[in-house]
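Okay, here's what each chain looks like letter by letter:
There are 6 protein chains.
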Amino acid sequence: MPYVNIKVTKEGVTAEQKARLIAGVTDLLRTVLGKNPATTFVIIDEVDTDNWGIAGEQVTLRRSRGM
Amino acid sequence: MPYVNIKVTKEGVTAEQKARLIAGVTDLLRTVLGKNPATTFVIIDEVDTDNWGIAGEQVTLRRSRGM
Amino acid sequence: MPYVNIKVTKEGVTAEQKARLIAGVTDLLRTVLGKNPATTFVIIDEVDTDNWGIAGEQVTLRRSRGM
Amino acid sequence: MPYVNIKVTKEGVTAEQKARLIAGVTDLLRTVLGKNPATTFVIIDEVDTDNWGIAGEQVTLRRSRGM
Amino acid sequence: MPYVNIKVTKEGVTAEQKARLIAGVTDLLRTVLGKNPATTFVIIDEVDTDNWGIAGEQVTLRRSRGM
Amino acid sequence: MPYVNIKVTKEGVTAEQKARLIAGVTDLLRTVLGKNPATTFVIIDEVDTDNWGIAGEQVTLRRSRGM
Numbered sequence: 001m002p003y004v005n006i007k008v009t010k011e012g013v014t015a016e017q018k019a020r021l022i023a024g025v026t027d028l029l030r031t032v033l034g035k036n037p038a039t040t041f042v043i044i045d046e047v048d049t050d051n052w053g054i055a056g057e058q059v060t061l062r063r064s065r066g067m
Numbered sequence: 001m002p003y004v005n006i007k008v009t010k011e012g013v014t015a016e017q018k019a020r021l022i023a024g025v026t027d028l029l030r031t032v033l034g035k036n037p038a039t040t041f042v043i044i045d046e047v048d049t050d051n052w053g054i055a056g057e058q059v060t061l062r063r064s065r066g067m
Numbered sequence: 001m002p003y004v005n006i007k008v009t010k011e012g013v014t015a016e017q018k019a020r021l022i023a024g025v026t027d028l029l030r031t032v033l034g035k036n037p038a039t040t041f042v043i044i045d046e047v048d049t050d051n052w053g054i055a056g057e058q059v060t061l062r063r064s065r066g067m
Numbered sequence: 001m002p003y004v005n006i007k008v009t010k011e012g013v014t015a016e017q018k019a020r021l022i023a024g025v026t027d028l029l030r031t032v033l034g035k036n037p038a039t040t041f042v043i044i045d046e047v048d049t050d051n052w053g054i055a056g057e058q059v060t061l062r063r064s065r066g067m
Numbered sequence: 001m002p003y004v005n006i007k008v009t010k011e012g013v014t015a016e017q018k019a020r021l022i023a024g025v026t027d028l029l030r031t032v033l034g035k036n037p038a039t040t041f042v043i044i045d046e047v048d049t050d051n052w053g054i055a056g057e058q059v060t061l062r063r064s065r066g067m
Numbered sequence: 001m002p003y004v005n006i007k008v009t010k011e012g013v014t015a016e017q018k019a020r021l022i023a024g025v026t027d028l029l030r031t032v033l034g035k036n037p038a039t040t041f042v043i044i045d046e047v048d049t050d051n052w053g054i055a056g057e058q059v060t061l062r063r064s065r066g067m
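Protein chains in written order, with this note's numbering: chain P, 1 to 67; chain L, 1 to 67; chain H, 1 to 67; chain Y, 1 to 67; chain A, 1 to 67; chain Z, 1 to 67.
The shape of chain P in the complex, shown without the other chains (with noise of 0.2 angstroms):
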């Protein structure tokens, strides 16, 4: 009964790039440890970039210098 939390940015991440994750994961848990994957639960936030840092500054500020 594996639970999986998956935080990527806020940047058009598609519904059907969500399913990818989702199986792919469910899969994995699967493949690696056996787990059933009835009771696997994943779950996606997407965090807008200005609430993310990464080396001390927004991923807003990084993204306006084209990082």
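Possibly wrong hints are sitting among the right ones.
The list makes no distinction among identical chains, and a pair is therefore deemed to hold if it is satisfied within one copy or across any two copies.
[Said to hold, decoys possible] With a cut-off of at most 16 angstroms between alpha-carbon atoms, the simulated EDC-like pairs for lysine to aspartate or glutamate come out as follows:
(1) K10 to E46
(2) K35 to E11
(3) K35 to E46
(4) K10 to D48
(5) K10 to D45
Quick caveat, the hints were computed from the structure, so don't treat them as lab data.
Place chains L, H, Y, A and Z on chain P using the hints.
Chains L, H, Y, A and Z alone, transformed into the frame defined by chain P:
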């Protein structure tokens, strides 16, 4: 000083239901562990059904099949 | 399919108390939101008092003053 | 490579205040533990006052009483 | 710069299995979303079976019944 | 009433360093957002280097290469 995080799918949870969850969890921690309500935090996250996976697929898809 | 995370200080919580927290939270989610217990997860984290701060200081220090 | 998650109520935090939180936490981890800013993540979650409980009630209610 | 948290019960996960989970999730995020592995974090939490509840009871109890 | 969670690798963080992190973060939230220290929680998680991945591999492995 407990901290409780409740994650549910974003499917029309009302303010009154949230109030009942907060009151109920706080009371449970007071009853079972003697924790002081004044420093008990409860945070409720409502997650889009596209962003919650179970059994390898999105809740959105399951809902469309009446699950 | 709710997910609940309860964090408390690691100060002798018994297995029986954990069982009561799990049963109580699961029942609360069933009662308030009609959530299915079969897919309700509850995870309890016990945190060392050195690693929990409130009011800018470690709980360990507060306990040593009888708080 | 620290990971820091800051949760505050959603009550008008500005982009500039978020930038200061990110810079401040990153600097603190560098100063106290020698952690490399380049791999320090800071994620800020702003939580609706209906979804945050303290002392068994919603922050929304407390704010309405001037607390 | 994704952040992934995987929670599983503490039941003998090996270092090699952890390595496969980390490599697999990192690769999935690169493939599906084009995320840079250099800034992809994966954190695995192993949770005592007394501290994980499902269906209102501790996993410890379920394991004792062969579930 | 902020909640802050700091995750770092478990590599000999001292009680005194934890105290400085707790005091520093609490002070930052008071300074930047005017948050009351009395209801500011800081929780530090120390994560085994086998359980933390970056760039697709365990920190344990990176440390063995002097990274």
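Results of checking the hints against the structure:
| no. | hint | result |
| --- | --- | --- |
| 1 | K10 to E46 | both (5 angstroms within a copy, 14 angstroms between copies) |
| 2 | K35 to E11 | between (31 angstroms within a copy, 12 angstroms between copies) |
| 3 | K35 to E46 | between (26 angstroms within a copy, 14 angstroms between copies) |
| 4 | K10 to D48 | both (5 angstroms within a copy, 13 angstroms between copies) |
| 5 | K10 to D45 | both (8 angstroms within a copy, 13 angstroms between copies) |
Hint check: no violations occur; every hint is consistent with the structure.
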